[in-house]
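Engineer: One letter stands for each residue in the lines below.
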Amino acid sequence: MVTIPFIWIMGDLLWNGWDQLSFSFVFSAPQNAGREGGIGPILISTLLIVGVCMGTAVPMGLGTALFLSEYTRHDHVLGRLIRGSLDVLAGVPSIVFGLFGNALFCQILGLGFSILSGGLTLACMVLPILIRTVEESFHAISQEQRLSAAALGLSKTTTIRRILLPAALPGLLVGIILGLGRAVAETAALIFTSGYVARMPESLMDSGRSLAVHIYDLAMNVAGGNPHAYATALVLVGLVFIINVSSSWIASRWTSCNRLSA
Amino acid sequence: MISFSSNTLSRSRGDFLLLGSVRLLALTAGGLLFLVVAFLFHESWPALQNIGLSRFFSDPDWYPTENSYQLTSMVWGSLLATTGAVLFASPFGILSALFCHFYAPPLLARWYRRMVELLAGIPSVVFGFWGLMVLVPIIGRWHPPGPSLISGILILTLMIMPTIMLVSHASLAHVPIALIHTSSALGFSRWSMIWHVILPTTRMGLFTGILLGLARALGETMAVLMVCGNVVQTPSHLFDPVRTLTANIALEMAYALGDHRAALFMSGLFLMGVVALVVSTAEALRHRNTYVSAK
Amino acid sequence: MPFSTFFFFTLRVFLVGPLLWAWAWEYPSARAEGERLIITGSSTMAPLVSEIGKRFETLHPKVRVDVQTGGSSRGIADTVNGLADIGMASRALKSQEQHLNGSVIAHDGITIILHTSNPVQELTDDQIRSIYTGSSTNWSHVGGPDSGITVVNKAEGRSTLELFLDYFHLSNRDIHAHVVIGDNEQGIKTVAGNPNAIGYVSIGTAQYDAAHGIGIRLLALQHIPATLETVREGRFPLSRPLTLVTKSPPAGLVKTFIDFAQSPQVHDLILQQYFVPLQG
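Protein chains in written order, with the numbering used here: chain V, 4 to 265; chain F, 2 to 296; chain G, 524 to 803.
No incorrect hints appear here.
Quick look at which bits of chain V chain F covers, simulated, 3 or more residues with Cβ under 8 Å:
{"no.": "1", "segment": "85-94"}
{"no.": "2", "segment": "127-139"}
{"no.": "3", "segment": "231-239"}
Computed from the model, here is a short list of chain G residues facing chain V with C-beta under 10 Å:
{"no.": "4", "residue": "T567"}
{"no.": "5", "residue": "V590"}
{"no.": "6", "residue": "I711"}
Pairwise CB distance ranges (calculated):
{"no.": "7", "chain 1": "V", "residue 1": "A154", "chain 2": "F", "residue 2": "P177", "range": "11 to 21 Å"}
{"no.": "8", "chain 1": "F", "residue 1": "H197", "chain 2": "V", "residue 2": "S151", "range": "21 to 31 Å"}
{"no.": "9", "chain 1": "F", "residue 1": "P106", "chain 2": "V", "residue 2": "G40", "range": "43 to 53 Å"}
Keep in mind the hints are simulated off the structure, nothing from the lab.
Yeah, the Cβ is synthetic: ideal placement off N, Cα and C, and Gly gets one too.
All chains should be modelled from the sequences, with the hints used to inform the complete structure.
Structural biologist: Here it is, written out as structure tokens:
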């Protein structure tokens, strides 16, 4: 049942986008508003934006999830407050994040339309998903493990490093994948923060168009943009696939190493 | 959770450092919401002053350029589309997580999971694009005009199902293996094991998944804008076009000035209100449930 | 490599983050010898102005032209606030905006579109008015087949909508729409997917799509065919100027850019984006 629409969508993308796809499409710059040329600079900007986003969101998410599950009791007021506000935050529409990011990062903090503001705005956006999934996997670790670690006299830091984090890795990974999925796919929030410029970025302070913004622009704004919109969507989905596969591969490597070293 | 602040023997400087930084991070993350709300209030203040809260309910319709600002029908639009999507997506998401974890052969399960992960990463623009090109014409042929509440619900279902499935799957993976062994030793059929043992133990995880999906559906903008029809009206059946609060912001924000702009920020605040309401209801339900099952 | 290394690595990244930030902040001043033009506004104009900007950059290698979208009103607001050097508006300046300086760089028209399978060949202004106000709800009322009409309207605040209402002497409240859309291509895709739909979009886009096998047909207005030709000749009744807006009379680099955008050097770019260049 679930497979049908998936195959339908993918088939549609492949059917319409495959013959547009080539080595030069992925690496060259767009021409004639994206109808011709490629998506090279856009791909680089996207990677930079997602990098900034994850570089900020993962440490913050891990820390918050640790705090929520290990340092507060489940019904503690502060914990519930933070948890509640994160749930609400998860429901804030991306366009509101875009306007918020535009006001906070671009104007108040003076970063302007830039990859940095885009990444930070996205970090605010994916944080709730990341925290909730990671926290969930911390909760799922059975209490005996914590107690036996405590009985062995391990310090809290060691317990977290050696026992909790490895055990929570699958959850962290799901969180990262969901978060990445949202970050890579985001349109509305990025139009107002990282901008529309399709030039090769020279620094994190440059404005850079993301793949999703490019797709939206081609599909909704440029007559005859459809073929390249399909091809770009295909590249985007491929990118997500690579990220997913490699992250689960790294995770399996890490857990096996960790078991050996422990 | 047991907070083991005094039951460790060794305490290192690292512990305090970690506690401090972790607490700081948590406060920042929590504080983010207040920043966002403060920002929304700041931006919608002119609307509250010049228009007044009651008019968002009592005005006959939404024609902001002609000074008429009613949001109730869009609140309905958002609520109906989201509820529909959650009703469709949760059983599918949870069932496919169960299938993947308990029924499917490992290889199929791995590929299935990978596929759903991929589905989670398809940008909403692509969903919307596909909906506009494929789904809407099909529905339109069946029951014109096509862009409607039902197409919004279907697209949202597709979008939030991966979230629900992945989160449920992660929490299924954490069911202690001993529980499964015990129940199969007791001769439970697979289904009754799932129903009586697995689902109750993973309830919290499933719930989180549904909540995340719900929040995503409420906040979704681009795809909904492309398939829902965006006519401001309270829908009377599934094939009526609707406009959601998010689509309202996305459609008009770029072209709005003055009170109109402030009124759009008001719709953002309304949306946050709806989300807060849903979240607190869910929280209350969850508390009652844990209480009942503890007895 | 144990997992903990990863965790402390990320922690370190978080601590180093602010430093990186500070560096990034200082960075642009360090290479400020090149000038930067910031242009924001209309999503219709953004692809065109991006292309013009690209050509401008090749002529002035030290200059960077950053084009951002967000809608005509945003362009004007940003220009007034000083956030942008130039605003883009896909309409003429309104009476309360006369203190700003507008420079027209191209023209665009608005046309009524139907699905190709719809046998209706022409509609009078009165018929269009009656369809949009909901007094004609079936194509048989205007000489078509017996099926209900799906009215596609634009969202509040769009300059296309304002122009349309103005031309037909309607107010948005009178219109009984079945679908409300945002950008041009969404309108075209909606009409192409529904045999009973009627909508209105930018002429250039519609002409391109109709020529490339998308299932829409452009209707003439007052017997004047909707083409870029008739817009260029000034005969087509529904047209709008694409305007670059500045706060004070353009000077320096801004003036160089606007002069460039109005010059014949960019006419091929304007034609490529399916708009109508200035005469002469």
